[in-house]
Each structure stands twice: as C-alpha cells, then as structure tokens.
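Fit chain B to the given chain A structure using the hints.
Taken in order, these protein sequences are the chains called A and B. Just so we're aligned: the first sequence equals residues 1 to 399 in UniProt numbering. Just so we're aligned: the second sequence equals residues 1 to 399 in UniProt numbering.
Ranges of calculated distance between the beta carbons of each label pair, as one might list FRET restraints:
#1 B/299 to A/86: 18 to 28 angstroms
#2 A/84 to B/83: 42 to 52 angstroms
#3 A/278 to B/170: 48 to 58 angstroms
#4 A/325 to B/124: 26 to 36 angstroms
#5 B/121 to A/350: 17 to 27 angstroms
#6 B/14 to A/159: 47 to 57 angstroms
Computed list of chain B residues with no C-beta within reach of chain A, every gap over 10 angstroms:
#7 84
#8 101
#9 121
#10 151
#11 285
Calculated from the structure, these hints are not laboratory results. Note that the Cβ used here is the ideal one computed from N, Cα and C, for glycine as well.
Protein chains: 2
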Amino acid sequence: MSADARVPAAEARDRIRRFQERLRHEGVELALVRQNADLAYLAGTVQDAHLLVPARGTPLFLVRRCLDRARRESPLERIAPLAGLSRLPGILRNEGWDDVRTLGLEMDVLPARLYLHYSREVWPEAEVRDVTPLLRELRAVKSPWEVDCIRGAAAQAAEAVAAVPGVLRPGMTELELAAEVEARLRRRGHPGFFRMRGWNQEIGMGQILSGPAGAVPAWTQTPAGGEGPGPAFGQGASFRRIGRNEPVSVDIGGWDRGYLCDQTRMFVAGRLPRDLRAAFEAVRRLLEDLAARLRPGAVCGDLYRLAVETMEAAGLGDHFMGSGAERVPFVGHGLGLEVDELPLLCRDNPARLAPGMVVAVEPKLIFPGRGLVGLEDTFLVTETGAEVLTTAPREVIEV
Amino acid sequence: MSADARVPAAEARDRIRRFQERLRHEGVELALVRQNADLAYLAGTVQDAHLLVPARGTPLFLVRRCLDRARRESPLERIAPLAGLSRLPGILRNEGWDDVRTLGLEMDVLPARLYLHYSREVWPEAEVRDVTPLLRELRAVKSPWEVDCIRGAAAQAAEAVAAVPGVLRPGMTELELAAEVEARLRRRGHPGFFRMRGWNQEIGMGQILSGPAGAVPAWTQTPAGGEGPGPAFGQGASFRRIGRNEPVSVDIGGWDRGYLCDQTRMFVAGRLPRDLRAAFEAVRRLLEDLAARLRPGAVCGDLYRLAVETMEAAGLGDHFMGSGAERVPFVGHGLGLEVDELPLLCRDNPARLAPGMVVAVEPKLIFPGRGLVGLEDTFLVTETGAEVLTTAPREVIEV
Chain A
1 MSADARVPAA
11 EARDRIRRFQ
21 ERLRHEGVEL
31 ALVRQNADLA
41 YLAGTVQDAH
51 LLVPARGTPL
61 FLVRRCLDRA
71 RRESPLERIA
81 PLAGLSRLPG
91 ILRNEGWDDV
101 RTLGLEMDVL
111 PARLYLHYSR
121 EVWPEAEVRD
131 VTPLLRELRA
141 VKSPWEVDCI
151 RGAAAQAAEA
161 VAAVPGVLRP
171 GMTELELAAE
181 VEARLRRRGH
191 PGFFRMRGWN
201 QEIGMGQILS
211 GPAGAVPAWT
221 QTPAGGEGPG
231 PAFGQGASFR
241 RIGRNEPVSV
251 DIGGWDRGYL
261 CDQTRMFVAG
271 RLPRDLRAAF
281 EAVRRLLEDL
291 AARLRPGAVC
301 GDLYRLAVET
311 MEAAGLGDHF
321 MGSGAERVPF
331 VGHGLGLEVD
341 ELPLLCRDNP
351 ARLAPGMVVA
361 VEPKLIFPGR
371 GLVGLEDTFL
381 VTETGAEVLT
391 TAPREVIEV
Chain B
1 MSADARVPAA
11 EARDRIRRFQ
21 ERLRHEGVEL
31 ALVRQNADLA
41 YLAGTVQDAH
51 LLVPARGTPL
61 FLVRRCLDRA
71 RRESPLERIA
81 PLAGLSRLPG
91 ILRNEGWDDV
101 RTLGLEMDVL
111 PARLYLHYSR
121 EVWPEAEVRD
131 VTPLLRELRA
141 VKSPWEVDCI
151 RGAAAQAAEA
161 VAAVPGVLRP
171 GMTELELAAE
181 VEARLRRRGH
191 PGFFRMRGWN
201 QEIGMGQILS
211 GPAGAVPAWT
221 QTPAGGEGPG
231 PAFGQGASFR
241 RIGRNEPVSV
251 DIGGWDRGYL
261 CDQTRMFVAG
271 RLPRDLRAAF
281 EAVRRLLEDL
291 AARLRPGAVC
301 GDLYRLAVET
311 MEAAGLGDHF
321 MGSGAERVPF
331 VGHGLGLEVD
341 ELPLLCRDNP
351 ARLAPGMVVA
361 VEPKLIFPGR
371 GLVGLEDTFL
381 VTETGAEVLT
391 TAPREVIEV
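Extracted from the complex, chain A is given alone in its bound form (with noise of 0.2 angstroms):
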C-alpha cells in the first residue's frame, strides 16, 4: 500500500463535480449521503457523518464522529461538526438548504427510520429521491487512482493465493487452510471482510471450499457458498476436512486504500478427477471468451446469455452456476469500495460496458455431492477491449 492511502484532492473534486452534474440532470436539489462506502468515495474517508451535497454549491461534511480525523482524512473543503441530528436542521436553514423541493437519499441503504425521520421531520416538504442508482453508476467507472488501488489488491491477492500450494495438505480444516490464506492478506491491509451494499449479503475475505461443500448454496448472492462454521453464518469454510482428489476453490480479494479485487483459483491434493479437469477446461475456455468482449459498448445480459449457451452447448447447462432450484443469474459483478458494485453481467441486462468499468468474471461449475469447479478474475475495461488485473496462471494446481 502507497504511504498516503488518501484519495487526491483533484479525483475528489472531481467525483463530487460528476456526482452534481447528475443531480442537476435529475432535478435533485440537496443529496444527503451517509453509507460508508458512500462517504469513502465522495468525502474520502469514514465517519459517522452527514454528506450534504448541494446540486450547485460546495458540499458541507458535517461530522458527528471523528472530526479531527474527518479534517485529516478528506480532501473535501467545507468540515464542520454536527453535536448530533437535533443540530441538523438549524445548519440546514443557514445554508438554505432546509426548503428544498428534491431531496436524494440512498434508499436502498437507508434505515427505515432514518428515512421517517429525514423525510418526515428534517425536510417533511420535499419530495425524496434515490440517489443510490446515480452513486452506483457514478462509482461504476473507476479512475486511474482507483484502479492503482484495484492492482495494489490484486498483487495482494495474488501473494496470498501463492502460498497456497505450500500450505493445502489433505486432512486440514477449510477453515485451517482460510486461516493461512487470509492472515496473508490481513497482513497487507485487508480490514477482514468484503464490503457488501447488498442488505444482509455478509462475507468475510472470501470463500474457501473443498469438495461436495463447495456444491452447497447459501444465502449470499454467490454461485457457491459452502457450510461455513452453523447455522447462524451458513457461508465459507467449515470444520470439513480436505480429501485428496476433490476440487478447493480459493475465491478470495485482497484490499488496497479501500478497493477490492476478487479472484477465484483451483487447488486439488492430489489429482482432480478427468470430468472435473474437462469441466475446468471448459470454464477457462468460457472465461477467455468472455474476456475478449469485454469492450465498451458490450452489452451484460448479452455476456450472460452467451456464458448460458456456450455452457449448454457444452453439455454443462445444468451446472451452470448453480444447481437444481439454487442458481444465481448472472456470471460477474462490478467491484471497488464494494464487491457487489455495477455493470452486472446478468440476465436481460440492457446496460452497456464503458472503458474504466472494473468487473469480475466469474464462470462456475457446480456439481452436488462433489463439488464447484471455476475461475475468476478482476478485469478492467479499456477504450480498446479488457486489461485482467488479477494475474495468478489459470491453472489447476496440483499439490
């Protein structure tokens, strides 16, 4: 990680000024961001804090907690503490801001009684917008600062993926083979989790799984999942030991200035058995294929049909990520602050790719009772097709 982790000033400037052409676009006169990957991304930094950003104006970042930090941290020009919600709106009328006729909100995040009392008590004459979907588009293109970032991740990822095949050994634990793998990235800077916009989509570094758990779904939006350690977090890497012969899917991302990647590896003690190998090589021929048209202009639901087809014509349909009632329609996902982030290759998508668009391809196999089989990797979207981030082999390896 870079000794200033701190976004630059020019690039902060410049997300607010795209964040208010979009406002002004969509007639929404004050946006009020308060989610941490929000903040992160206009003001810079986390705090407990309100974003007020006007249309046309200079935003004010009002901090509850930790103002000394807020000023350290934040490019952003207008800091000032906020005692608590009660002072809200006394700084709102002093800045004209308390008779606003649009007001954005984040309402796919915002609590439901945070939105009553905004709505309701703060600013009971306006009518509330969304705002998330301008956020997420916004956030969708990322800058050359941002994807410095995202490599800085992948290197990360990349080390810890690494010392995998001096580490797996038939009998540990998935969760003794995570602990390795991850305390690798927790000493690089990962915080311990991916950070997910999704409403109760939780995950920690990744998902480690081996063997038939990683053909059982969970709750999450993955194509896997895995057992995880109960019932209370059904996800990730169990008390199941490893066999040898059996697929270990490595499904992991690392984390630079608060930028993820996301990268998935095949491991096997062993040998891996020759169905799951051709199915292997089927995926890394879809990924290469779907890695050559990732290109401005492409269309997502189109990238997902032609992932559907070319695993039916392959005789792979039924396994396609997902099996039986559990699947999940789509075959990559965007990524930064967050790993549920926008272009979403998924079905019926009309969105189209932009150069700067940043998105994991993520091609899996999944066969019960034995297990997953797949690959991804972080690609970035170029003017003239797609740059892979993520730069492990697309191999098996065989430990």
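Same frame as chain A, but now just chain B:
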C-alpha cells in the same frame, strides 16, 4: 464447537412463544422479520427469507434462498419457498394475513426501499410498529444454551490471546500481530467479523492497537478505534510498528454457534511506564468493583455514573472512554449474536439488569499520544450476582 450447531427445537419454540407474547402485549398482529441476526434468533438459520410471526398461531418461514438448507437447519415447523417478492401478497391472503391492522417491522435496520414496499404495496392499510425494541429486549436475556455458546466463544478467545506472548515482538506491525491472533480464531470457526446491528457500524475480529494508535478514535461506537489500514477503513490494526514499552491492547472476540464474546487484555514488549501501570491498576479495580455490582435490579445508568465518578476521583476522568471531544458515554454493552446488544451500561439509562443478561464491561483510559490502557470482560448476570465468562487473568503481560 459442538457437532450440532443448530438451535435446539425446544429453545426455538420458546423464543417464538416469548416473541408472540410480546407482540400480543404490544397489540401487533403480525411481525415480518428479515434481518440476519433476528433470523438466526427466531428461525435458527440465516437465509434470504421472510419470517412471518403472527401474534397467535404458527409462524411461516418463507425462504427465497436456500430452501433445502432452511429445512435442514431451522427447527421451525412451517417452511415454504418464496419465489419472489411478488408472490408475497398471494401467500398472505391464503394465510389471512393480508389485512392486518398493526404490522411489526425492524425499523432500525430495514432499508427504506423495502419499508416503502411493505407499507405501501403489501400492507397499505396497516399501521406499522417498530418491533426492534421487542426483539432486542427478548434477545438481551440469554438461555442456558446461549450462555454455553458464549462460553465456547470465550474459550476460543482465550486460546487466541494466549498465543500473544509467543508472537509479540517490537518492530512487528499491528497488522502482523492481528493476523496471528485472528488466524487462531478463524481455525476454530470464527466467521471473520463481529455482527453489528447499528447502521454503518463495521468491525472485523476486533481491534489490536499499540502505543499512540490506541488513542486514535474511530467512527464506530468504541472507546478505542485505531488508525486502521487507511481512510477507507479507519479503525483497528494499522501498518504502525509496535514499539518497546508501549501499551498493546488486544480487544477481540471468539465465536461459537453464532454467539460472540468480547475481551480486552494488555500486553507490552518490555515494560509499561509507571504511570500507565498505575492507570491499569485503577482500571482493574474499577472492573472488579463494577463486576461486584452486576446483579439483578442494578440500574445501567448507575453503573456508568459510578465508573465516571470513580475515574474522576482517581484523577483519570479526562481519559475515561475517550479523550477531548471524542468520548463514548458507556462502560459496557450487551452482546450475543451481535456485539451491540442490550443492556447498555450508558449515561442516564434507567434499564435494570436481569438474570440471563450477558454484558461486556470495558473500562478504558485513553492517553493521547501514548495509548490505551484498559480491560474488558464478558459477564453473565445470575440470580445472585455475576459470573465472568472470559477467564484470562487480568494482568498486563510483559513480553
């Protein structure tokens, strides 16, 4: 962890029964429960699901993902698929739950967009009540099975912390020490982070802080904080190298069957300066004094006031639970499935302790530029007093 991590069926029935009693008492006809920790509590499993609990009758657990796991893990009697939100009204009509007058929702955690969907589209005639206070009060009193889980978590934490003296050396970074401690928790089944109910509150497996970093506040509701790996996640262990003769606080929690403990112990590579050692002794006496007063009927706010007055009398009031403008007004918190449960030993809180409550008491002193000195133990309130569940000796370990 025990072989079967499921909530016992009799216990699950009892939880539902007590929740229904409270719903009837509050005049709520039907509650819709969706948040992960509340589902873990009432359904015994975390799924993408709607749990409908009528004030009278049998609850219905509608599972969008994953139905098979819900049937395997949950002790509830009625479990059915929910193909999508659009199917909900039809199911409600069949159950006679479509025209309830009072509907209970988790208003502190339910996102605004979902709240509006339920209150405008699904139950447009219902008056919405916030059932979070009911759920939090129910969950504050633990059963013997839950206490057994927390004991398991405490054993896990004790094992991890016992490794610190063998690992700590001056010159290593906070993150390197954290990686070692956390890997031990992870091997034993910790999912990798604390669940927190408060919106925008996030934490990994704890906060391991050294010297001046221990005195840096963070946005979360903790007396400590720390620099963290950067402004996008400004809490917990950082790249700072641990020096000689400075306090190192290891604030971590174990995990067993969904339940957490919380514990803080102090270490030092070398010797703790005399004044910080004296501060530690004052904190230890305060913790012992508070522990002796943790009994049924004790008023939470009184315990906090006692702590403040004791520290003021010792000349340490300016350092208690923060410094300068950044303080937290509590000295302890409940915990279980989440780390921010009731009861809260906070300023002016008239709530009283009751048998079965589990509370982490964490008197901490912050010395800007020098660090944090404190202790934390998790206690069970019994009929006659309190039993400490975290059992490591309350010593500063000099390495």
